[in-house]
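Q: Each chain, written out:
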Amino acid sequence: MSDTPNVVTGDLEAPTTEAPAEAESTSSETADRKREVHDMWVAGTEEPAWMRSYTDEGAQEILAAEDESAPELTRGTVVEDDFIFDDVADDDELQILNMGPQHPSTHGVLRLHLELDGETIRRVKPIIGYLHTGMEKTAETLTYMQGSTNVTRMDYLSPMHMELAFSLAVESLLGVEIPERGQAIRVLLTELNRVSSHLVWCATQGTDLGAVSMLIFGLRDREYILQFFEKVTGLRMNHNFIRPGGVAADLPDGWEEDIEAILQKVPQGVSEYEELFNGNPIFRDRTMGVGVITPEECKALGVSGPIARASGINWDLRKAFPYSGIDKYDFDVPVGKHGDVWDRYLVRMEEIKQSLGIVKQVLETIPGGDYRTTDRKVTPPPRKRIDESMEALIHHFKLFTSGFKVPAGESYAAVESPRGELGMYVVSDGREKPWRLHARTPSFNHVQALPTMMTDSLVADIVATIASADPVLGDVDR
Amino acid sequence: MAHRSGPSGFLLTTYDAAINWTRTRSMWAATFGLACCAIEMMATGAAHNDLARFGMEVFRASPRQADLMIVAGRVSQKMAPVLRQVYDQMSEPKWVISMGACASTGGMFNNYALVQGVDEVVPVDVYVPGCPPGPQSLIHGILTLQDKVMSGEIVR
Amino acid sequence: MTDSPMTDSPMTDSAMTDGPVTDVFAPLAKAFPEVEFEQVLESQQDVAHVPADRYVDFVAAARTAGFDVFVDLCGVDYLRSNPRYEVVTNLLSHEHVRRLRIRVGVSGTEPVLSSITSVFPGANFYEREVYDLFGIVFDGHPDLTRILMPDDWEGHPLRKNYSVGSVPVRFKESPKAQ
Ligand code: SF4
Numbered sequence: 001m002s003d004t005p006n007v008v009t010g011d012l013e014a015p016t017t018e019a020p021a022e023a024e025s026t027s028s029e030t031a032d033r034k035r036e037v038h039d040m041w042v043a044g045t046e047e048p049a050w051m052r053s054y055t056d057e058g059a060q061e062i063l064a065a066e067d068e069s070a071p072e073l074t075r076g077t078v079v080e081d082d083f084i085f086d087d088v089a090d091d092d093e094l095q096i097l098n099m100g101p102q103h104p105s106t107h108g109v110l111r112l113h114l115e116l117d118g119e120t121i122r123r124v125k126p127i128i129g130y131l132h133t134g135m136e137k138t139a140e141t142l143t144y145m146q147g148s149t150n151v152t153r154m155d156y157l158s159p160m161h162m163e164l165a166f167s168l169a170v171e172s173l174l175g176v177e178i179p180e181r182g183q184a185i186r187v188l189l190t191e192l193n194r195v196s197s198h199l200v201w202c203a204t205q206g207t208d209l210g211a212v213s214m215l216i217f218g219l220r221d222r223e224y225i226l227q228f229f230e231k232v233t234g235l236r237m238n239h240n241f242i243r244p245g246g247v248a249a250d251l252p253d254g255w256e257e258d259i260e261a262i263l264q265k266v267p268q269g270v271s272e273y274e275e276l277f278n279g280n281p282i283f284r285d286r287t288m289g290v291g292v293i294t295p296e297e298c299k300a301l302g303v304s305g306p307i308a309r310a311s312g313i314n315w316d317l318r319k320a321f322p323y324s325g326i327d328k329y330d331f332d333v334p335v336g337k338h339g340d341v342w343d344r345y346l347v348r349m350e351e352i353k354q355s356l357g358i359v360k361q362v363l364e365t366i367p368g369g370d371y372r373t374t375d376r377k378v379t380p381p382p383r384k385r386i387d388e389s390m391e392a393l394i395h396h397f398k399l400f401t402s403g404f405k406v407p408a409g410e411s412y413a414a415v416e417s418p419r420g421e422l423g424m425y426v427v428s429d430g431r432e433k434p435w436r437l438h439a440r441t442p443s444f445n446h447v448q449a450l451p452t453m454m455t456d457s458l459v460a461d462i463v464a465t466i467a468s469a470d471p472v473l474g475d476v477d478r
Numbered sequence: 479m480a481h482r483s484g485p486s487g488f489l490l491t492t493y494d495a496a497i498n499w500t501r502t503r504s505m506w507a508a509t510f511g512l513a514c515c516a517i518e519m520m521a522t523g524a525a526h527n528d529l530a531r532f533g534m535e536v537f538r539a540s541p542r543q544a545d546l547m548i549v550a551g552r553v554s555q556k557m558a559p560v561l562r563q564v565y566d567q568m569s570e571p572k573w574v575i576s577m578g579a580c581a582s583t584g585g586m587f588n589n590y591a592l593v594q595g596v597d598e599v600v601p602v603d604v605y606v607p608g609c610p611p612g613p614q615s616l617i618h619g620i621l622t623l624q625d626k627v628m629s630g631e632i633v634r
Numbered sequence: 635m636t637d638s639p640m641t642d643s644p645m646t647d648s649a650m651t652d653g654p655v656t657d658v659f660a661p662l663a664k665a666f667p668e669v670e671f672e673q674v675l676e677s678q679q680d681v682a683h684v685p686a687d688r689y690v691d692f693v694a695a696a697r698t699a700g701f702d703v704f705v706d707l708c709g710v711d712y713l714r715s716n717p718r719y720e721v722v723t724n725l726l727s728h729e730h731v732r733r734l735r736i737r738v739g740v741s742g743t744e745p746v747l748s749s750i751t752s753v754f755p756g757a758n759f760y761e762r763e764v765y766d767l768f769g770i771v772f773d774g775h776p777d778l779t780r781i782l783m784p785d786d787w788e789g790h791p792l793r794k795n796y797s798v799g800s801v802p803v804r805f806k807e808s809p810k811a812q
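Chains as they are written, first to last, in this note's numbering: chain A, 1 to 478; chain B, 479 to 634; chain C, 635 to 812.
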């Protein structure tokens with residue numbers, strides 16, 4: 001295994017002469033095989049041969065030996081525990097264990113390479129990419145109008161937040177203002193989505209720790225919210241409802257009663273879970289003091305959201321950089337102390353209640369008016385005008401076939417998703433399609449922080465720690 | 479089932495029909511959740527839709543104990559070998575349901591990273607359309623598979 | 635161990651974000667005269683254009699200046715401009731409630747940049763991702779391997795001269811497919 005690939009300095013011809021001719025032919029053979037399925041290069045722009053030498057860098061597996069240059073912070077916080085021995089076994093007594101990618105407790109297709117010393121985890125390496133969908137590349141081929149269909153499929157537990165972050169980034173380039181009602185609908189949907197995402201977290205955390213009935217309970221309560229989403233957007237998931245310029249449609253008739261029903265049923269469920277979890281000695285023992293991460297580690301590793309808050313960082317993007325008028329509503333940010341799995345559980349439970357509080361306020365204060373901007377540049381003309389006027393029809397057709405142009409520039413917009421800071425970085429070159437779209441997804445950082453949380457803890461804690469990090473693999477691999 | 483009740487309470491049927499019937503009544507699925515569709519697969523097993531009505535609420539984590547693989551979600555180039563290996567580890571008879579647009583055709587992601595349809599990797603018996611297919615669609619897909627097995631359309 | 639988390643919200647309003655640019659960036663601007671500061675979109679999106687050779691130093695200085703949260707690192711391929719690539723690093727300061735976006739140009743013929751993993755360990759996966767998708771090599775990275783694509787993948791998919799790789803849709807009954 002090579003640590004760093006050879007760095008080509010200056011003379012680009014040199015590596016080509018060094019490469020043996022035989023290696024060349026095999027790599028072009030594999031290229032031919034691949035090209036049958038995928039036409040890889042835009043004709044005439046193939047990479048020069050020396051560039052290929054970069055790609056054989058070795059396996060993605062755990063390093064053979066501890067890398068001395070690994071920064072101190074990634075080695076993790078050592079927790080006092082009777083079972084963990086300080087004296088490390090010899091290298092040849094360590095056992096390598098592979099977990100995943102097809103494992104019921106890894107929440108998708110996460111793979112962990114573990115180095116075990118008896119029951120103690122000495123080193124961990126998460127291996128990701130099993131769900132890499134190429135969405136950032138696909139985004140470059142879709143117009144801004146179509147873009148939200150793409151991004152909504154990244155983090156499939158909080159699609160509304162993905163759409164919102166994308167829309168905010170595009171809107172900041174466009175410079176359009178969203179009417180108050182549109183903003184209120186956005187807040188309503190994203191906060192409901194936070195609740196439904198945390199409910200799935202409840203279900204999986206419970207199941208992973210042996211409380212299998214939680215899977216039934218959590219998904220039962222989530223279903224109420226999904227039914228509301230289906231009524232509003234037409235789909236249970238992957239809604240493509242929040243779009244640049246506002247939202248796709250107004251709320252349907254009778255939505256108030258649905259929200260009231262949700263506001264009544266979900267808190268009942270939540271108090272049921274608290275009853276189940278809070279006094280449960282098994283749950284307490286398996287979560288307290290497990291998977292600890294300190295505030296300093298959180299900051300250096302980019303960990304955000306409930307995990308960072310559980311470790312004592314008082315930081316919520318909804319308070320710090322308010323978006324969509326969320327600062328009009330009154331809510332608190334729960335902050336933990338110990339940074340362990342138990343505190344994350346408490347923080348998430350409290351967030352469910354606070355989000356439901358915001359939903360209630362939206363229900364009471366939602367203003368009337370437009371649900372999307374009246375700027376004709378990004379919004380299609382109203383349905384009625386299409387029947388009357390030819391121009392409106394053409395306008396509508398143009399908008400949906402070729403999209404709208406966005407001024408050149410770059411913009412980063414972030415929202416607080418159920419998992420943490422979710423950012424979208426959009427680079428526009430003045431045309432209808434983004435030049436580059438990058439999603440900064442919270443789960444990516446959380447998977448990266450797993451070794452910090454797990455090192456020198458016990459094998460049984462792996463499952464609890466992964467579940468508490470709540471990674472969504474679609475969010476990690478994109 | 480082709481059967482006829484005799485005068486003294488015997489149940490007569492063909493050997494094949496009896497075998498097929500037993501196969502359909504306890505089809506255990508391997509959890510092969512990949513992406514968004516997997517969440518809907520979980521929802522299908524949960525309270526509202528209750529897959530247990532069809533004798534298949536037991537999702538097995540180990541492919542050795544499973545008869546049915548529900549490929550729920552998009553299959554990347556990196557995942558395809560794993561998928562094939564899990565399929566090979568399942569014991570016969572085995573069936574595959576391809577759940578969702580991505581698993582069936584690559585869906586909206588026609589790009590370098592995805593396998594354009596799992597049928598390039600494993601043989602598929604039933605395709606369930608949708609993005610994501612709702613629990614009802616998945617249940618319909620499973621019932622279709624059971625019908626096909628019963629009628630002898632799929633022979634293993 | 636408490637049974638309920640403390641609930642408080644000292645970050646009351648966004649008013650504290652409106653400080654003049656110079657306040658936060660003055661020490662940085664003084665230490666790095668070659669760095670250009672710019673504010674895009676007038677919405678607190680502060681951008682610093684940093685030369686590649688001062689990149690690590692600048693990030694380290696920014697960390698000391700309060701930008702101690704690592705947020706994001708990504709690559710952009712501006713195909714026809716010079717330098718061809720750009721690496722964009724996002725930092726955040728909880729203390730100043732401000733973001734800082736650092737843009738560094740990377741040459742297209744020799745895509746090498748020094749790694750900031752020694753300053754922010756969180757950059758580890760992000761640099762691997764940029765390496766995987768753009769082929770930009772990070773000098774000094776502890777474990778620079780592919781992260782999203784399989785080990786033996788050829789090429790770097792997010793480069794602009796790498797095609798989307800779409801396959802034409804085949805219809806089973808169509809004469810072409812037979
Ligand atoms: S078909 Fe749709 S819901 Fe299913 S995995 Fe693909 S994108 Fe997700």
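Don't take every hint at face value.
[Said to hold, decoys possible] Straight-line distance between alpha carbons at most 27 angstroms, and here's what the computed DSS-like set of lysine-lysine pairs gives:
1. A:K405 x C:K664
2. A:K353 x A:K384
3. A:K384 x A:K265
4. A:K433 x C:K794
5. A:K353 x A:K231
6. A:K405 x A:K353
[As the list claims (entries may be wrong)] Computed footprint of chain A on chain B, listed as stretches where at least three residues anywhere in the stretch have a Cβ under 8 angstroms from a Cβ of chain A:
7. 513-520
8. 556-568
9. 608-615
[Stated by the list, open to error] Just so you have them, the derived chain C footprint on chain A, three or more residues with Cβ under 8 angstroms:
10. 133-140
11. 240-253
12. 440-446
What the hints contain is simulated information worked out from the structure, not anything from laboratory work.
All figures in this text were calculated on a predicted structure; none of them were measured in a lab.
By construction, the Cβ of each residue, glycine as well, lies at the ideal position given by its N, Cα and C atoms.
Q: Hint by hint, which ones does this structure get wrong, listed from lowest number up?
A: 1, 2, 3, 6, 11
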